[in-house]
Amino acid sequence: MKPWTVGVAVAAALALASTAACDTTGAPRRSGDGDSLTIGVLLPETETSRYETFDRPLIERAVKDRCGKCVVRYANAENDVQIQHRQMDAMLTQGVDALILDPVQEAYLRSLIVEAAELNVPVVSYDRAAEGPISGYVSFDSDAIGVLQGEGLLDSLGGRADGARVVRVEGPLWNPHHVAVSMLEQAGAHISKTYVTSGWTPENAYSVMVGAIAELGTDGIDAVWAANDALAAGAVSALKGADIDPLPPVSGQDADLSAVQRIVNGEQYMTIYKPYGLQADAAVEMALALARGESVRSIATGTISTETARNVPSVELAPALVTVDTVKDTVVRGGLYTIDEICTPKYRSACEKAGLID
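Start counting the sequence shown at 1; every next residue gets the next number (the numbering used here).
Since the hints were derived computationally from the structure, they do not count as laboratory data.
One or more of the hints may lead you astray.
As the list claims (entries may be wrong) - DSBU-like, lysine-lysine: derived pairs with alpha carbons at most 35 Å apart:
| # | residue 1 | residue 2 |
| --- | --- | --- |
| 1 | Lys-328 | Lys-240 |
| 2 | Lys-328 | Lys-346 |
| 3 | Lys-328 | Lys-193 |
| 4 | Lys-346 | Lys-240 |
| 5 | Lys-353 | Lys-328 |
| 6 | Lys-240 | Lys-353 |
| 7 | Lys-64 | Lys-193 |
| 8 | Lys-64 | Lys-328 |
| 9 | Lys-193 | Lys-240 |
As the list claims (entries may be wrong) - Between beta-carbon pairs, the in silico distance windows are:
| # | residue 1 | residue 2 | range |
| --- | --- | --- | --- |
| 10 | Ala-242 | Ser-111 | 38 to 48 Å |
| 11 | Gly-159 | Ser-111 | 50 to 60 Å |
| 12 | Ala-242 | Asp-35 | 54 to 64 Å |
| 13 | Asp-340 | Glu-203 | 26 to 36 Å |
| 14 | His-190 | Gly-95 | 52 to 62 Å |
| 15 | Arg-86 | Glu-203 | 18 to 28 Å |
| 16 | Glu-118 | Ile-191 | 41 to 51 Å |
| 17 | Thr-93 | Asp-155 | 45 to 55 Å |
| 18 | Asp-80 | Thr-306 | 22 to 32 Å |
| 19 | Ser-36 | Asp-155 | 46 to 56 Å |
| 20 | Asp-35 | Arg-110 | 26 to 36 Å |
| 21 | Gly-355 | Glu-60 | 30 to 40 Å |
| 22 | Ile-244 | Thr-93 | 50 to 60 Å |
| 23 | Asp-35 | Gln-94 | 15 to 25 Å |
C-beta atoms are modelled at their ideal positions from N, C-alpha and C, and glycine is treated no differently.
With these hints in hand, go ahead and build the complete structure from the sequences.
Pasting the structure below:
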């Protein structure tokens, strides 16, 4: 995995929007040493591999690269809102200069975000827009993700979209991309069943897909819309276990390595690539600037408004669709994985067929 530089992050972010945001950060946050800050990082769970594999190390590296004396205080909530509440409360009590927060649930930490504002601790909401007076927001364009998911499934169905029976598999506290539902329904596809799992694990998705197959029949599923790659893995396992051949197209999200390998191997149709390095860089730049009382005008590419905060400086990055035809141009070119990491001996033949190796 290649490191992301400040220049690359800012240039890529600025390319995604034509108008810079107005500076709405308010008064300086801290009066301490701007080179010896403590940045709290709160991530939501470990069931999705991205957080520990990419987000955490990329954020920690970005802080170190930009501020050698700065310290990262890290916690993962293991998908438990009460645990995350305690973790954030502890960080505010112990003292941090800024927080990068990916909330398990957007509304649950609102009172603590209010408390952080009262303590002049800026909160940069990461990936999901938390409720409360957040000072910044860094994520990916959710509407674009929905469009890509819809386009990917429609492409996979080809001329069979009209009347296609689609099973949706979602995780807990998931905010579905309704734009994709609209695209599928406008094309004549039918959402046969929607399942919400109790956790973001392949095992949970496997269980609900076994039930879907039992209810709809082995020939009653034309496509599976899985909310992320962990759920896609469980869905694919259940379909294979039922001896369904050929497999219906299965979507995913997050570009897990195993998902990319399934795509190359013809078991999963698509996933969504998000350049986590750019996201981590933008969040760290914003958190450090806010902690120092500096403008984020040159970092933000726009603003967002929620029910609890208005004109929040934001960076919303562009995702990309990954299919067997775009692996090189997305996850490989973006430095997420190398060809050698994808094309292990198990997948060498599939990689040769896909044109990834000679």
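Tested hints:
no., hint, result
1, Lys-328 with Lys-240, "27 Å, holds"
2, Lys-328 with Lys-346, "19 Å, holds"
3, Lys-328 with Lys-193, "34 Å, holds"
4, Lys-346 with Lys-240, "17 Å, holds"
5, Lys-353 with Lys-328, "14 Å, holds"
6, Lys-240 with Lys-353, "21 Å, holds"
7, Lys-64 with Lys-193, "46 Å, violated"
8, Lys-64 with Lys-328, "30 Å, holds"
9, Lys-193 with Lys-240, "19 Å, holds"
10, Ala-242 with Ser-111: 38 to 48 Å, "47 Å, holds"
11, Gly-159 with Ser-111: 50 to 60 Å, "52 Å, holds"
12, Ala-242 with Asp-35: 54 to 64 Å, "59 Å, holds"
13, Asp-340 with Glu-203: 26 to 36 Å, "29 Å, holds"
14, His-190 with Gly-95: 52 to 62 Å, "54 Å, holds"
15, Arg-86 with Glu-203: 18 to 28 Å, "27 Å, holds"
16, Glu-118 with Ile-191: 41 to 51 Å, "44 Å, holds"
17, Thr-93 with Asp-155: 45 to 55 Å, "51 Å, holds"
18, Asp-80 with Thr-306: 22 to 32 Å, "23 Å, holds"
19, Ser-36 with Asp-155: 46 to 56 Å, "51 Å, holds"
20, Asp-35 with Arg-110: 26 to 36 Å, "32 Å, holds"
21, Gly-355 with Glu-60: 30 to 40 Å, "36 Å, holds"
22, Ile-244 with Thr-93: 50 to 60 Å, "53 Å, holds"
23, Asp-35 with Gln-94: 15 to 25 Å, "20 Å, holds"
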